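Asks: One letter stands for each residue in the lines below.
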Amino acid sequence: MGTIIRVAALAVVFATSGCATTNPNDPFEPFNRTMFSLNDKLDQAALKPAAQAYSHLPSFVQTGVTNFFGNLADVWTSINEFLQGKAADGVTDVMRVAVNTTFGIGGLIDIGSEAGMPKHSEDFGQTLGFWGVKPGPYVVLPLFGPSTLRDTVATPVDFLGDPWYYERPVRWRNTGTVVRIVNQRAALLNVSNLLEDAALDRYEFVRDAYLQRREGKVHDGASSFYEEEDAPASH
Amino acid sequence: MRRHPTEPTPEGWPRTRGNAADEAALEYQLFNNQASRRFAQPPQETMKPFSKIIAILMLAVGMLPLAGHAAAEENPQALVKRISQEVLDAAKSDKEIQAGNQKRVLDLVKAKILPYIDFQRMTALAAGRYWRQATPEQQAKLTDEFRDLLVYTYSGALSQVRDQKLEFKPLRADPSDTDVEVRSQVVQPRGEPIQLNYRMEKVADGWKIYDINVLGAWLVQTYKGNFASEISRGGIDGLIKTLQEKNNRLAESVAKTGKS
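As given, the protein sequences belong to chains A and B, one line each in that order. Residue 1 is where the first sequence starts when you use our numbering, and the numbers rise one by one after that. Residue 1001 is where the second sequence starts when you use our numbering, and the numbers rise one by one after that.
In short, the hints are calculated from the structure, not lab data. As the structure is a prediction and not an experimental result, all values here were calculated from the model. From the three backbone atoms N, C-alpha and C, an ideal C-beta is built for every residue, glycine too. Accuracy of the hints is not assured; some may be wrong.
Straight-line distance between alpha carbons at most 25 Å, and here's what the computed DSS-like set of lysine-lysine pairs gives [as the list claims (entries may be wrong)]:
| no. | chain 1 | residue 1 | chain 2 | residue 2 |
| --- | --- | --- | --- | --- |
| 1 | A | 48 | B | 1081 |
| 2 | A | 41 | B | 1165 |
| 3 | B | 1224 | B | 1256 |
| 4 | B | 1256 | A | 48 |
| 5 | B | 1165 | A | 119 |
| 6 | A | 86 | B | 1224 |
| 7 | B | 1256 | A | 119 |
| 8 | B | 1224 | A | 134 |
| 9 | B | 1169 | A | 217 |
Some but not every residue of chain B turned toward chain A, in silico, with C-beta under 7 Å [stated by the list, open to error]:
| no. | residue |
| --- | --- |
| 10 | 1115 |
| 11 | 1133 |
| 12 | 1199 |
| 13 | 1216 |
| 14 | 1217 |
| 15 | 1222 |
| 16 | 1225 |
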């Protein structure tokens, strides 16, 4: 399988590219920077223009696409909630999928959110994190972008847990995947412009924001940084 | 406020002059240190005299509650709610902002948000251990440049606001707390809500924001790495220079949107 080969290839690259850098979370910085600029070039050349064109589609189309794939993702989210022992969230998200798939016409309309079942997003990397697996070093994957060693290992599992992965014929699945990726990129168009404005070194800025955000997600938004600091006072 | 001298001499100022707004402005200055006092003042070149007056008036009106000394404390969440709502409403009703005039957004942010942000603390946190190595002059310069960068970035974000809605989560704090986190999220027509939290500290003249969490990442914490690299390359002056260059570029692109 392609992904496994990719992961294996990465492992080899890591083993050979580790060298002394300043940030303890980023021992593979030279490799990561190369991947970052490669991804950036791909983005500028193909993905961003596609997303810009896509963003001119009528709003209801974009909303439909977002909701449809969001609904599929909710299936895997709910499984990961059960895996983390968050049964209440898991049950709510099963309900969400049921409501959105039926009354929401196959997930095109997000009735669940309107009905007070807000969308969550959990993946296998977060489940591993929940059970105490540390994120490990920062990794920039080719095509997939920022990740950590833990999440790199978890990513293939996320693919297998994604219902769209089993969509047949394969031609349909691939087309859908492209639409999904372009749709996701379109949602980030504004963010990436902001990033351009805000960052002094975009690579570092993305890395440091990503690592915080990722750990924040693992701990469900309990923003650990300042809370740890004044924990004795507030409890 | 502009007529006050740059060096504060609190003891020497007459306390009986003028109306309540004047009094409030004075009060505001008294409690602010050198660096943060400057934030309340719009930069000389970029504001027209008229909008300057408006900004000062708005600022003075905003400070009115302070004039009463014992005026009821606005809790930090209520404060964030009020200023974000004011800014969102103003941005939505302003035709020029809707048409993409970034300079108007900038003016709006300067008038409504700046007084409630402790930029010196933010800069000190972002600079980390290097802060103490900087001279007071470097600290002031760095704070100014970082403030401008954040204002540009925030204004850029604000000008993209269309049909978003703000939701606040219950404030988890005792009334006696002086350092709290206000949690909110921006609900968008599409996609997941954007988490937006504020770290706030109570200082002499009320609550001030000193860090903002967007999508799970603390802004100041995120800048820490950028700052450290710049400082290790070119020292504190190198960082100041990089920030200045960036701000100049951003100022140019903002000026372009204002011409229409």
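Asks: Evaluate each hint against the coordinates.
Replies: Results for each hint:
1. A/48 - B/1081: 35 Å, violated
2. A/41 - B/1165: 34 Å, violated
3. B/1224 - B/1256: Answer violated: residue 1224 of chain B to residue 1256 of chain B is near 31 Å, above 25 Å.
4. B/1256 - A/48: Measuring from Cα to Cα gives roughly 24 Å; hence the hint holds.
5. B/1165 - A/119: This hinted pair holds, its Cα atoms lying about 16 Å apart.
6. A/86 - B/1224: 34 Å, violated
7. B/1256 - A/119: Since the Cα atoms of residue 1256 of chain B and residue 119 of chain A sit roughly 39 Å apart, the hinted pair is violated (cutoff 25 Å).
8. B/1224 - A/134: Satisfied, since the Cα-Cα distance of roughly 22 Å is no more than 25 Å.
9. B/1169 - A/217: 17 Å, holds
10. 1115: Cβ of residue 1115 of chain B sits 22 Å from chain A, so the hint is violated.
11. 1133: Where the cut-off is 7 Å and the nearest Cβ of chain A is about 18 Å from residue 1133 of chain B, the hint is violated.
12. 1199: 6 Å, holds
13. 1216: This interface hint holds because 3 Å falls under the 7 Å limit.
14. 1217: Cβ of residue 1217 of chain B sits 4 Å from chain A, so the hint holds.
15. 1222: 5 Å, holds
16. 1225: Since chain A brings a Cβ to about 4 Å from residue 1225 of chain B, closer than 7 Å, the hint holds.
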